[in-house]
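A.B. asks: Listed below are the residues making up each chain.
There are 2 protein chains.
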Amino acid sequence: MPTVGVVGGGQLARMMQPAAIAMGIVLKVFAEQEGSSAHYATTQVGDYTDFDQLARFAATVDVITFDHEHVPLVLLEKLVATGVKVRPGPTALHFAQNKLAMRSALADLGLPLPIWAAAKTAADIDKFIEANGPEVVVKTPIGGYDGKGVRVIRQASEVSDWLENIEHFGGALLCEQKVPFIRELAQLVSRNPSGELRSWDTVQTVQKDGVCLEVIAPAPGPVDSLGAKEIAKKIARGLEVIGVMAVEMFETTNGELLVNELAMRPHNSGHFSIEGSKTSQFEQHLRAVLDLPLGDTELVGGGSVMVNLLGVDSKNRLVENYAAAMSKFPNLKFHSYQKAPRQGRKMGHITALGQNHLELLAACHEAAELLYQADLRIR
Amino acid sequence: MPTVGVVGGGQLARMMQPAAIAMGIVLKVFAEQEGSSAHYATTQVGDYTDFDQLARFAATVDVITFDHEHVPLVLLEKLVATGVKVRPGPTALHFAQNKLAMRSALADLGLPLPIWAAAKTAADIDKFIEANGPEVVVKTPIGGYDGKGVRVIRQASEVSDWLENIEHFGGALLCEQKVPFIRELAQLVSRNPSGELRSWDTVQTVQKDGVCLEVIAPAPGPVDSLGAKEIAKKIARGLEVIGVMAVEMFETTNGELLVNELAMRPHNSGHFSIEGSKTSQFEQHLRAVLDLPLGDTELVGGGSVMVNLLGVDSKNRLVENYAAAMSKFPNLKFHSYQKAPRQGRKMGHITALGQNHLELLAACHEAAELLYQADLRIR
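Those protein sequence lines, which keep their order, are chains A and B.
Each residue of the first sequence is one higher than the last, beginning at 585 in our numbering.
Each residue of the second sequence is one higher than the last, beginning at 585 in our numbering.
Think of the hints as simulated: they come from the structure by calculation, not from any bench.
Errors might be hidden in some of the hints.
No distinction is drawn between identical chains; accordingly, a pair holds when it is met within one copy or between any pair of copies.
Each computed DSS-like pair below joins lysine-lysine, with the alpha-carbon atoms no more than 27 Å apart [to be verified]:
{"id": "1", "residue 1": "K930", "residue 2": "K612"}
{"id": "2", "residue 1": "K923", "residue 2": "K612"}
{"id": "3", "residue 1": "K912", "residue 2": "K817"}
{"id": "4", "residue 1": "K923", "residue 2": "K732"}
{"id": "5", "residue 1": "K899", "residue 2": "K923"}
{"id": "6", "residue 1": "K923", "residue 2": "K818"}
{"id": "7", "residue 1": "K912", "residue 2": "K818"}
{"id": "8", "residue 1": "K762", "residue 2": "K704"}
{"id": "9", "residue 1": "K912", "residue 2": "K813"}
{"id": "10", "residue 1": "K899", "residue 2": "K612"}
{"id": "11", "residue 1": "K817", "residue 2": "K711"}
{"id": "12", "residue 1": "K813", "residue 2": "K711"}
{"id": "13", "residue 1": "K762", "residue 2": "K792"}
{"id": "14", "residue 1": "K912", "residue 2": "K669"}
{"id": "15", "residue 1": "K792", "residue 2": "K732"}
{"id": "16", "residue 1": "K762", "residue 2": "K813"}
{"id": "17", "residue 1": "K662", "residue 2": "K762"}
{"id": "18", "residue 1": "K813", "residue 2": "K792"}
{"id": "19", "residue 1": "K762", "residue 2": "K899"}
Keep in mind the model is a prediction, meaning the values are calculated, not measured.
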C-alpha cells in the first residue's frame, strides 16, 4: 500500500488525511508532540531535529514529505544519502528555508522580483535605504513565518537586535524594496517527479499583520493569470520542486507581478481547493510525492472564498458555537483544526462556493463572528 | 469537543472520518476487528452484541450512531434506558432491521408500496403467487443485504429452506409483487432531532445481482422528484429517523414511485455527494446525530455519477494500478476503502462531476477496467 510520511503534526498534515482516506493511501505523521492537530494520523512523536528518530520514521514509509519547512537540510541530505525518498528534496527546500538563497536563485532564473540586497552591516542597510527608501523591508533569511522575521524600517537601528545576532540568521539579512502593490496574489502549482505540472487558478490573498485572512479564487478583476502561472512553473522546474508550491506575489499599480515569498508545501492560500477545486491541494500533494499523475485543478462551483478563523482567546474552540453559525449559513463549509485555542492562532477556516465574492466574504465573516461569540465572553 | 461514536468499522464509518476531521468533530469507531476499513478512527475493537462492551464504548462518546443496522434492538433499548443518546434510535431502527415491520409501518403512513403480504407457510406463499404471480419476490424480513435474503420465485418450494428456519427470520417471510419497473431511484434525506429535514436530488441507481453498480445524480429525464422527496420526508418524520436515510424506490412504466427498501444510515446511493453536493451525506449524518443544523445539499458541478469498484480477486487492491487510471482520467475522483481484496467485495468507488452522465459513466468504467488490470492477472 502506498505510504506517505509527513514530518510535522500541524493543520497541513491534518488536512492531508481526508485526501489519504479517500484514495486509500496510507498517511503516517511524525508529530512534535502528542495531541497535535494531525493526531489521528500520528504514528510517531518526537524531535525532527534528531536524525535517528527521523530515520526510524522514514523506515516505515515510502516517501517523506512535510507539514513545515523547518527540518534541518543536513539531516534531509543524510536521509537521501541512505536511499530515502524526500519530496520536496533538500536541494529545493534550501530555497524555501533561506530567503536570501531564494532571492538569488529566482534572480538567476530571470524572474521579476522586488529590488533586493543582502546586508551584513548597518552600513549596508542604510545604503539600501538611501537608494530605495524612505521605507524598506528587512527580513531574517531563515526562521520567519506568518509575519515574524519581517520589519518595515526607516533606519538600520530598527533591526540592530537582528544585526547583533546575525549569525543566527545565516550571516546576512535580506533587504527588500517596499513594493507599492495594489494587492497580493498567490499562485499554487504542483509538480511530480515525472515532471508533470498543474496550476490552480490564480487567487487573491488578503493579509493582516502578515497573517492570511482571506483568499478569493479566482482573483477577481483583470489579472495576469498566465504570467502568474508561468512564474510558478518556472520556479517549480528551476528549483526542482516536488509536491505543491505556493508563490506569493505582489501586483503593482501597472499590473506587474513581483515574487514575494515561496512555500514548498500545501499553503493557506490553497485551502479553498478542498471544496473549490476538483483536486484539492492536499490530494495533489499526496499524488505528487507518490509520483502519481496529477488531478484536474478546475474550479467547481464557479469560484470560492476562504476566511481564516483566528483564535480569540484561550478558551473558545469555535466548534462549540457551530449551531448558531451553521443555522444561519447552511451553505458554508466549516473547518476546525482541533488546536488548543489561543488568541491569533490559526484555529480553522470557512469556505464558501460561488462567484459573488463580496457577498460570500460577508457571509464568512458574519459566520466567524457567530463562532467567536462564546456564551461566556463579554464583548 | 463534540464526539460521535460509530458502531461498525466498515467503509461507511471510514467515510465519516474526512467529514469529522474537516469540522473538528471527534469520531470514535467501535470496530468488529483490528484493521477494519475505519481503522484510523477505531478506539475500541470487540463484539457489538455484547452489552458491556457497547456500554463501555458509549461512555466515551456524546452520541452513538451506526455503520450498519445489525446491533440487536434490545441492547440499544438498554443503552437508551441508561441515558445514552442513540441516533437513529431503536424505535426507528426496528423498521430498518425488519422488512415486515417496515412494510406495515409504511402502509400505515399511506405510502405507495408494491403489493405485499406476510407469509408463514408454503400455502400462504402459493396463495400470494396465485394472486400476484407468476413470479413474486420473497424476502427474509431480517438479516438480508446486497441482494442476500431476496429471491424471485414461482413456487413456495423455492424457499422451503427459509420456511424450515422461519423462526430465524422473525416467524414470517415477506412476499412482494415483482414490480414491473423501468428503473430504480433512490432518495436520500436527513433529519436531526430538532426536526429539520433536508433532501438531496433524487438519483437513479443501477444494481446488478442486488449490488449497487452505478448512481446518477440527479436522476436523468423526467422524474417525480417532488414525489420522491415527499415520500422520504414522510418516512423520516413518521418513523422518527435521525441521521441520513436512503429510500430505494421503483419507478413504474407510468412514472409511479413505489418504496422498495430503506437504509437508516449513509448509503451507497449517496457516495456521489462527497464531491457532488455542497454537504456530503457523511457530513450531514454527523451534523444530524449531533443535532447541529443541516447543510445545503445543492449539487455542485451540475451533477455527478458514481461507479462502484467491486473486487476482482483476492490480490488486486486496485490502488496499485492508480497510475494508469489517473493518468488517463485526471478528472475522476478515486476512492479506496482499504479493504482486503475479494471477488465481488465493495472495494471502493469512482466519482465524476458533470452533466453528461453517459460520457462520465463510460469514463468511470474505463478507469475501473484500468484498475482491474493488475500486472499479474491473465485476462
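A.B. asks: Between K792 and K732, at a C-alpha cutoff of 27 Å, which is it: within one copy, between copies, both, or neither?
C.D. replies: within (12 Å within a copy, 59 Å between copies)
A.B. asks: For the identical chains here, do K912 and K813 meet the 27 Å Cα criterion within one copy, between copies, both, or neither?
C.D. replies: Answer is between; shortest inter-copy Cα gap is 23 Å, intra-copy 37 Å.
A.B. asks: How would you classify K923 and K612 at a CA-CA limit of 27 Å: within, between, both, or neither?
C.D. replies: So K923 and K612 pass the 27 Å test inside a copy (19 Å) and across (18 Å) alike.
A.B. asks: Can you tell me if K923 and K732 fall within 27 Å by alpha carbon in one copy, between copies, both or neither?
C.D. replies: within (20 Å within a copy, 45 Å between copies)
A.B. asks: Can you give me the call for K930 and K612, within, between, both or neither, at a CA distance of at most 27 Å?
C.D. replies: both (23 Å within a copy, 25 Å between copies)
A.B. asks: Please work out whether the CA atoms of K813 and K792 approach to 27 Å or closer within one copy, between two copies, in both situations, or in neither?
C.D. replies: within (25 Å within a copy, 46 Å between copies)
A.B. asks: State whether the alpha carbon distance between K762 and K792 is at most 27 Å within one copy, between copies, both, or neither.
C.D. replies: Within. Shortest intra-copy distance 16 Å satisfies the 27 Å Cα cut-off; inter-copy 66 Å does not.
A.B. asks: Give the relationship of K912 and K817 under a CA distance limit of 27 Å: within one copy only, between copies only, both, or neither.
C.D. replies: For K912 and K817, only the inter-copy Cα distance (22 Å) is at most 27 Å; the intra-copy one is 41 Å.
A.B. asks: Since the copies are identical, ignore which copy is meant and state whether K813 and K711 lie within 27 Å (CA to CA) inside a copy, between copies, both or neither.
C.D. replies: Neither way: K813 and K711 sit 34 Å apart in one copy and 73 Å across, limit 27 Å.
A.B. asks: Taking 27 Å as the upper bound on the Cα-Cα distance, should K899 and K923 be classified as within, between, both, or neither?
C.D. replies: Classified as within; 11 Å inside a copy, 40 Å across copies.
A.B. asks: At most 27 Å between alpha carbons: which applies to K662 and K762, within, between, both or neither?
C.D. replies: neither (38 Å within a copy, 69 Å between copies)
A.B. asks: How do K817 and K711 come out at 27 Å by Cα distance, when the copy is not named: within, between, both, or neither?
C.D. replies: neither (34 Å within a copy, 74 Å between copies)
Consistency note: the structure conflicts with the earlier hints numbered 6, 11, 12, 17 and 19.
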